[in-house]
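*Asks:* Sequence:
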Amino acid sequence: MSQNVVEIVKFKLAPGVSEQDFLPLNEAFQAFIAEQPGLLYRSLAKQPDNHGYIDVIYWQSMEDSKRTAEAFNNSAACMDFLALIDKDSVVMTHNMIIAQSACTG
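Here our numbering is used: position 97 in the sequence shown is 97, and no number is missing along the way.
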């Protein structure tokens, strides 16, 4: 049995990009993610103190995350999403889940 993985991406929007500009492209990115095999759950949160964002994606396995990363680079919707992000601010980690409860929200 493969181990579930949580992918955590912290980022800020590129200079001059508003949240109003970003949210429609986030919806397109969400549609892309929703189609990917192995997706368990995704949420996007905003950090109130520094205007950064935290994208949290749960995967069935690391292989699912890697396969989606490859597909990401070939998706126009993902490239549009990425264009609004300050690339120097991106910090991504992949973490193995050792305990979890069901998502009820």
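Watch out, some of these pointers could steer you wrong.
Okay, derived cross-link-like pairs now, DSSO-like style, lysine-lysine, Cα gap no bigger than 30 Å in a straight line [to be verified]:
| no. | residue 1 | residue 2 |
| --- | --- | --- |
| 1 | K87 | K66 |
| 2 | K12 | K46 |
| 3 | K87 | K46 |
| 4 | K10 | K46 |
| 5 | K10 | K66 |
| 6 | K46 | K66 |
| 7 | K87 | K10 |
| 8 | K87 | K12 |
| 9 | K66 | K12 |
What follows is a set of in silico ranges between Cβ atoms, one per label pair, in the way DEER data are often shown [to be verified]:
| no. | residue 1 | residue 2 | range |
| --- | --- | --- | --- |
| 10 | N73 | P48 | 27 to 35 Å |
| 11 | P15 | M96 | 18 to 26 Å |
| 12 | S101 | P15 | 18 to 26 Å |
| 13 | S18 | E63 | 14 to 22 Å |
| 14 | K46 | A69 | 21 to 29 Å |
In short, the hints are calculated from the structure, not lab data. For every residue, glycine included, the Cβ atom is placed at its ideal position computed from N, Cα and C.
*Asks:* Work down the list of hints and note, for each, if the structure agrees.
*Replies:* Hints versus structure:
| no. | hint | in the structure |
| --- | --- | --- |
| 1 | K87 with K66 | 19 Å, holds |
| 2 | K12 with K46 | 9 Å, holds |
| 3 | K87 with K46 | 17 Å, holds |
| 4 | K10 with K46 | 10 Å, holds |
| 5 | K10 with K66 | 18 Å, holds |
| 6 | K46 with K66 | 25 Å, holds |
| 7 | K87 with K10 | 11 Å, holds |
| 8 | K87 with K12 | 8 Å, holds |
| 9 | K66 with K12 | 23 Å, holds |
| 10 | N73 with P48: 27 to 35 Å | 31 Å, holds |
| 11 | P15 with M96: 18 to 26 Å | 35 Å, violated |
| 12 | S101 with P15: 18 to 26 Å | 39 Å, violated |
| 13 | S18 with E63: 14 to 22 Å | 36 Å, violated |
| 14 | K46 with A69: 21 to 29 Å | 23 Å, holds |
Consistency with the previously given hints fails for numbers 11, 12, 13, ordered from lowest to highest.
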